[in-house]
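K.L.:
Here is what each chain is made of, one letter per residue.
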Amino acid sequence: MALLECLNVTKRFFGFTALDNVSLQINKGELVGLIGPNGSGKTTLFNCITGFLSPENGDIVFNGKKITGWAPFKIALSGITRTFQIVRLFREMSVIDNTIMALQQYQSESVFKSVFRFPSARKKESVARERALELLEFLGLTHLKDEKAKNLSYGQQKLLSLAMALMPKPSILLLDEPAAYVNPTLTNKIKKYIKMLNQQGQTIFLIEHNMNVVMDLCERIIVLSAGQKIAEGTPAEIKDNPRVIDAYFGETK
Amino acid sequence: MCLIYFILTESYSILIGYLGLFSLSQVAFFGLGAYISALLSLNMGTQFLTNLVVSSIITMFIAFLLGSQLLKLTRHSFAIATLAFMFVVQLITLNWMEVTRGPMGLPHVPRPNIIGIDILSKISYYYLYLAIALVTFVFLYLVVNSRVGRAFISIREDEALANSVGVNCFKYKMIGFLISAFFASVAGTLYVHYTTYISPDIFDLYFVIVTIIIVVIGGGDSLEGVGIAAFAFTAIPEFLRSAQMLRETVYGVLLIVLLIMPESIKKKIKSLWYKKPKGE
Amino acid sequence: MVTTLTFLQHLLNGIFYGLIYALISTGLSLIFGVMEVVNFAHGEFYMLGAFIMYFIFSFTGNFLFAVLGSMAFMALFGVLVNGSIIQPVIKKSWMAPILVTLGLGIALKNTILLIFGAKPIFISVPLTETVFDLFGLKLQAARILILFLVPCLFAVLHIFLQKTKIGKGIRAASQNRELCDVLGIELNKVYTATFLISACLAGLAGSLVGPIFCLTPTMGDKMGIKSFCIVVLGGFGNVKGAIFSSILVGLVESLVAGYISGTFKDAFVFILMLLTLLFKPEGLLGKRVGIW
Chain F
0 MALLECLNVT KRFFGFTALD NVSLQINKGE LVGLIGPNGS GKTTLFNCIT
50 GFLSPENGDI VFNGKKITGW APFKIALSGI TRTFQIVRLF REMSVIDNTI
100 MALQQYQSES VFKSVFRFPS ARKKESVARE RALELLEFLG LTHLKDEKAK
150 NLSYGQQKLL SLAMALMPKP SILLLDEPAA YVNPTLTNKI KKYIKMLNQQ
200 GQTIFLIEHN MNVVMDLCER IIVLSAGQKI AEGTPAEIKD NPRVIDAYFG
250 ETK
Chain D
0 MCLIYFILTE SYSILIGYLG LFSLSQVAFF GLGAYISALL SLNMGTQFLT
50 NLVVSSIITM FIAFLLGSQL LKLTRHSFAI ATLAFMFVVQ LITLNWMEVT
100 RGPMGLPHVP RPNIIGIDIL SKISYYYLYL AIALVTFVFL YLVVNSRVGR
150 AFISIREDEA LANSVGVNCF KYKMIGFLIS AFFASVAGTL YVHYTTYISP
200 DIFDLYFVIV TIIIVVIGGG DSLEGVGIAA FAFTAIPEFL RSAQMLRETV
250 YGVLLIVLLI MPESIKKKIK SLWYKKPKGE
Chain S
0 MVTTLTFLQH LLNGIFYGLI YALISTGLSL IFGVMEVVNF AHGEFYMLGA
50 FIMYFIFSFT GNFLFAVLGS MAFMALFGVL VNGSIIQPVI KKSWMAPILV
100 TLGLGIALKN TILLIFGAKP IFISVPLTET VFDLFGLKLQ AARILILFLV
150 PCLFAVLHIF LQKTKIGKGI RAASQNRELC DVLGIELNKV YTATFLISAC
200 LAGLAGSLVG PIFCLTPTMG DKMGIKSFCI VVLGGFGNVK GAIFSSILVG
250 LVESLVAGYI SGTFKDAFVF ILMLLTLLFK PEGLLGKRVG IW
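Residue numbers (numbering that gives the first Met the number 0), protein chains in the order written: chain F, 0 to 252; chain D, 0 to 279; chain S, 0 to 291.
The hints are simulated quantities; they were obtained by calculation from the structure and are not laboratory data.
Values in this document were obtained by computation on a predicted structure and should not be read as measured data.
Each hint should be verified, as a subset may be incorrect.
[As the list claims (entries may be wrong)] PhoX-like cross-link-like pairs, simulated, lysine-lysine; straight-line CA separation at most 25 Å:
no., chain 1, residue 1, chain 2, residue 2
1, F, K27, F, K73
2, F, K188, F, K144
3, F, K191, F, K238
4, F, K188, F, K149
5, F, K168, F, K65
6, D, K170, F, K64
7, F, K123, D, K170
8, F, K168, F, K188
9, S, K188, S, K239
10, F, K122, D, K170
11, S, K239, S, K162
12, F, K144, F, K168
13, F, K168, D, K170
14, F, K73, D, K71
15, F, K73, F, K168
16, F, K168, F, K123
17, F, K147, F, K188
18, F, K149, S, K90
19, S, K90, F, K147
20, F, K73, D, K170
21, F, K168, F, K64
22, F, K65, D, K170
Just chain F, same shape as in the assembly (with noise of 0.2 Å):
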């Protein structure tokens, strides 16, 4: 059974239609590429996923259990995480801050027993703290943990945000775009994280406009073109595709 499912998923913004009958699945395991032009619908379709959209028609399931309209907060502590394509932090709160709220598995530790500092609530903190800090040791973070996350640089904001989608160990990591806005240098150490974190496991599923990005990492990539799903194969497949190629006709990266 595949991890996620998106069945003839089609979302419409006022007459415009952004997806259109876009089936897919992503397995344990894998690392999937979804690519497209501009404006083909890739993060219109994550947000589906996630429940920030609503899709017009269509089910995403995940784990056998349909989501589809499952509320964001609810999705996420369900297994789903992802990043955003422009970074997104909270940036009043410290690096370590930010990477424990990123796992609120422990919400179903009620929040009397937290405020009044119960126990059970106190050892699930330090327990949270420690994986907060493995995740940052691994990301080579730890020298920042106590820094305002506005004040980083964002080639670490990006690792940062990757740290907390990692934070609830979630069956499916959902990446928007990890290699944008930032240099070579670091394109290849996100690269490296990515394929570390598929060899132990991780499933991951990413968008990317990188092409050297996509085709090194990816065993397997969706194209999508005007928010139709024009494609599906490994990169050898994809990049000879005549409909790929067509789609996006003159963009070359």
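Starting from the structure of chain F, add chains D and S where the hints point.
P.N.:
Quick look at chains D and S alone, frame taken from chain F:
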């Protein structure tokens, strides 16, 4: 009086400063708490402590009903709706003659009587209210530094992001709303048992402005700052009692000036306030 | 015959009030539509216009001159307010402009209170004294004037917004501010113009209504709240909607006051607004892009 404002504004700061939820109903809840306590005392002869608890619970319930509808609104609509709520409450107290006696208000609210001890002198009031204020402060402090407080800040900073990491924004907004309503009501009960009189005047925009000013000066997201501001702003007017209108003008201007002031000056003033300056 | 007459009287009254509301609400909606600022001092703009008119009138004795003078003053005042207190804070946070206008409103109200005192001021002007009797309908000359003047003003506004460069800029800014920046539309001029028009209209309403009833420093309170409600009803930032709901509210209020009860009419518009906020937050007319 200072202490009353303290409780009122500290809890308000949770809502505005930490959550970023701009509600103008705080004073409405304040007044509600006051009125309910007064009515309970006068009609049913209940005592201070009972009033405190009961009126606050009732107010919280009203806040819950209100919140379940209003919290879905966008920021601007929310602000206006909460303001509208305040006016509706004002209109009701003004016109519901049978119960609230309208503009004449309800006088002769009995002074607090705790386990048989009548609170009459200023000093006993002071100690009692101080105790309550301390409890409030401790509670709010706990909340703010807990996961709940962090969730509040996350909602203020970036609600979409908070949602995508799993924060149930609605639940937390409601919690913040309820907490501030609860303590506003507490402050209201304290108020009415101190002044022994309540009238619809309490819903005047004046209180709204003052509470906002205190929260803004105090820095919105610092409990200590707001506390200090609360004291400053209730102590000073005692000296300026006569010039009510002037006072209001000054407040209005002060609000404007505060907001126009560039951040750097504000930070300098702030670091003068505190012995250990907040590193920036 | 009497009941039809009374009905017509109420109708006319309603339109009259509606037009006044429209003058005020247009400005409020405009400011929000273009700048996303809720001007809590708008009621005070209305009040200020009235008092400036009174001030000039007490010197010159010429009503027309006073009204025009007040409009000029309010226009300038609007520009000043925008430049000195709105612009500096508009980028800080979304709450800041709201608080600033709140402070401004309070400061204005109390300053006028200090200067002129709390007693209502009555002005007698030929316009308000003359009352026509048309088939039994009592029509105050001033109200007739408003009945004709205001729609003309709105026609002028329409032309302004459609044909002039700044007018178009205002419309564009209300639809997509960032795009305007990119396209080189001078947002500063747009903002200034927006505040100018809004303050002017509100002040005009005040100076016209002042002689009809009376002037008090608190006249802005109720008017301000009502215009908020109306703007909500018409949809925030939807000026045409504001005008429409102004007339609607004016009519309904008048009819309610005439046939049901006078005290209830104020509460009515509140409740309507709360209901709209709860069930149709985009306003009665539904979503609309841009202000006009």
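K.L.:
Please go over all the hints and tell whether each is borne out by the structure.
P.N.:
Each hint, compared with the structure:
no.: 1; hint: F:K27 x F:K73; in the structure: holds (21 Å)
no.: 2; hint: F:K188 x F:K144; in the structure: holds (20 Å)
no.: 3; hint: F:K191 x F:K238; in the structure: holds (22 Å)
no.: 4; hint: F:K188 x F:K149; in the structure: holds (22 Å)
no.: 5; hint: F:K168 x F:K65; in the structure: holds (21 Å)
no.: 6; hint: D:K170 x F:K64; in the structure: holds (24 Å)
no.: 7; hint: F:K123 x D:K170; in the structure: holds (20 Å)
no.: 8; hint: F:K168 x F:K188; in the structure: holds (21 Å)
no.: 9; hint: S:K188 x S:K239; in the structure: holds (22 Å)
no.: 10; hint: F:K122 x D:K170; in the structure: holds (23 Å)
no.: 11; hint: S:K239 x S:K162; in the structure: holds (17 Å)
no.: 12; hint: F:K144 x F:K168; in the structure: holds (20 Å)
no.: 13; hint: F:K168 x D:K170; in the structure: holds (24 Å)
no.: 14; hint: F:K73 x D:K71; in the structure: holds (17 Å)
no.: 15; hint: F:K73 x F:K168; in the structure: holds (15 Å)
no.: 16; hint: F:K168 x F:K123; in the structure: holds (15 Å)
no.: 17; hint: F:K147 x F:K188; in the structure: holds (23 Å)
no.: 18; hint: F:K149 x S:K90; in the structure: holds (17 Å)
no.: 19; hint: S:K90 x F:K147; in the structure: holds (21 Å)
no.: 20; hint: F:K73 x D:K170; in the structure: holds (12 Å)
no.: 21; hint: F:K168 x F:K64; in the structure: holds (19 Å)
no.: 22; hint: F:K65 x D:K170; in the structure: holds (23 Å)
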